[in-house]
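Chemist: One-letter residues, chain by chain:
Number of protein chains: 2
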Amino acid sequence: MSRPPFEYPTVDMTAEEVEQERVVYGGLAESVRRLNEASLRTTVDETAVKEAQALVEQATAALSEAMIPGNFGVSLTTSGKVRGHGNAVVGLRNPIAVPLVITQDREEGRATAEFELNALYEGPPGMVHGGVSALVLDQICGEAAAAGGHPGMTGTLTLRYRKPTPLGRCSAVGWLDHFDGVKATVKAELRRADGEVTVTAEGLFILPRWAREELEKERPPQYE
Amino acid sequence: MSRPPFEYPTVDMTAEEVEQERVVYGGLAESVRRLNEASLRTTVDETAVKEAQALVEQATAALSEAMIPGNFGVSLTTSGKVRGHGNAVVGLRNPIAVPLVITQDREEGRATAEFELNALYEGPPGMVHGGVSALVLDQICGEAAAAGGHPGMTGTLTLRYRKPTPLGRCSAVGWLDHFDGVKATVKAELRRADGEVTVTAEGLFILPRWAREELEKERPPQYE
Chain L
1 MSRPPFEYPT
11 VDMTAEEVEQ
21 ERVVYGGLAE
31 SVRRLNEASL
41 RTTVDETAVK
51 EAQALVEQAT
61 AALSEAMIPG
71 NFGVSLTTSG
81 KVRGHGNAVV
91 GLRNPIAVPL
101 VITQDREEGR
111 ATAEFELNAL
121 YEGPPGMVHG
131 GVSALVLDQI
141 CGEAAAAGGH
151 PGMTGTLTLR
161 YRKPTPLGRC
171 SAVGWLDHFD
181 GVKATVKAEL
191 RRADGEVTVT
201 AEGLFILPRW
211 AREELEKERP
221 PQYE
Chain W
225 MSRPPFEYPT
235 VDMTAEEVEQ
245 ERVVYGGLAE
255 SVRRLNEASL
265 RTTVDETAVK
275 EAQALVEQAT
285 AALSEAMIPG
295 NFGVSLTTSG
305 KVRGHGNAVV
315 GLRNPIAVPL
325 VITQDREEGR
335 ATAEFELNAL
345 YEGPPGMVHG
355 GVSALVLDQI
365 CGEAAAAGGH
375 PGMTGTLTLR
385 YRKPTPLGRC
395 SAVGWLDHFD
405 GVKATVKAEL
415 RRADGEVTVT
425 AEGLFILPRW
435 AREELEKERP
445 PQYE
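Protein chains in written order, with this note's numbering: chain L, 1 to 224; chain W, 225 to 448.
No lab work stands behind these hints: they were computed from the structure.
Predicted, not measured: the structure shown is a model, and the values here were computed from it.
Each hint should be verified, as a subset may be incorrect.
Cross-link-like lysine-lysine pairs, in silico, DSSO-like; alpha carbons within 30 Å at most [said to hold, decoys possible]:
#1 K163(L) / K411(W)
#2 K387(W) / K183(L)
#3 K305(W) / K407(W)
#4 K411(W) / K50(L)
#5 K81(L) / K274(W)
#6 K187(L) / K305(W)
With these hints in hand, go ahead and build the complete structure from the sequences.
Modeler: In structure tokens:
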């Protein structure tokens, strides 16, 4: 794992507990994702909506019996996995996340994903929201920077919308273009189902100064 | 209402039906938004998760009894309101939308919104995902272009991340900077709760060629 740009807390979880979290809480999120789409597309009448809404509220009350305060955050498991389950794009436990399953290729400094953008991600009629393309490409760029050994936070991101992206199957690829000692320049592309590139992105990723200072204390950096 | 960049279909809805849609289906989306957050933050045990998940699946099945095919799309009501309830950022019926309530000032060519970004919108620990900032600013820029009388689709969008944006209260403002006859240049800012500008954006918004040709047939443009 390449060095994360933050000092994440470590949580003491066995491999079994990590897997249970994936199945139980990840499974819940998956069910809630299907509910999100049905809520948007339903045409059942007011009475049926009210009945469904009562079930939703009953589920919310039950889940709210015990909750972490505030946000989910990012932690490391004792086995060294990044547990970013709250992330708005890739979060296993975040029902508004697609979620993207991003493959990092550390040899090549590349990050890739294939995914489906359904009705929940609409902007212009039948098309992916321009901001959703940006959301996906920001995450892909960040992971490409990390895959290339230079994790950081987004400094700038420039998006060019070349063709419309219809809702449906999409793919994205990002790659580390170069690193100047401080900033990683990353490029990325979003493709629609027919393989055409629809949106291109270029991002600069930077480590916050305090994180750079931490890293300098312990040179050489311990990238795996 | 300024001219939309697409030929939206008109749906025959009375003012009462529009209001009923807002209350009934908008109310359902609001309940599902609360469920989204509870699903992410819950720490109840596996048995309780399974029970809640069963309720969620029951609600999904009931709502799926009758659904529009595919995506929600964008339509106009007979009273001339844009019915973009599926939109990923502002959609009344879209449970993954914040949703932003954007005020367009047509005199000034400005669009503004105040909103809360909760744990569902997290990227770095405790902070708004950089891509979520892009998502919000893309929508604000598009609405500022429309407010300024030059609606269009995103051509390019450049984001500069100046300071971290903690989760919580935020605001955004976008304004039409200039229009060169084809492209509207729009600028925008995201601010965090303490009023500091955290992300700035500059976007070019363009009408698709076919939409420009339609508009030219019926000059002068009928902006209200």
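Chemist: Tell me if the straight-line CA distance from K411(W) to K50(L) falls inside 30 Å.
Modeler: It is violated: about 42 Å lies between the C-alpha atoms, which goes past 30 Å.
Chemist: Given the proposed pairing of K163(L) with K411(W), does the C-alpha separation stay at or below 30 Å?
Modeler: Cα-Cα ~22 Å, so holds.
Chemist: Is the hinted pair K187(L) and K305(W) satisfied, with a Cα-Cα distance of at most 30 Å?
Modeler: The given pair, whose Cα atoms are some 39 Å apart, is violated under the 30 Å limit.
Chemist: Quick one, are K81(L) and K274(W) close enough, alpha carbons at most 30 Å?
Modeler: holds, 26 Å
Chemist: Decide if the proposed pair is consistent with the structure: K305(W) and K407(W), CA atoms, cutoff 30 Å inclusive.
Modeler: holds, 25 Å
Chemist: Starting from K387(W), check that the Cα of K183(L) is at most 30 Å away, please.
Modeler: At roughly 16 Å apart (the allowed maximum being 30 Å), K183(L) and K387(W) satisfy the hint.
Violation of the numbered hints given earlier is confined to hints 4, 6; the remaining hints are satisfied by the structure.
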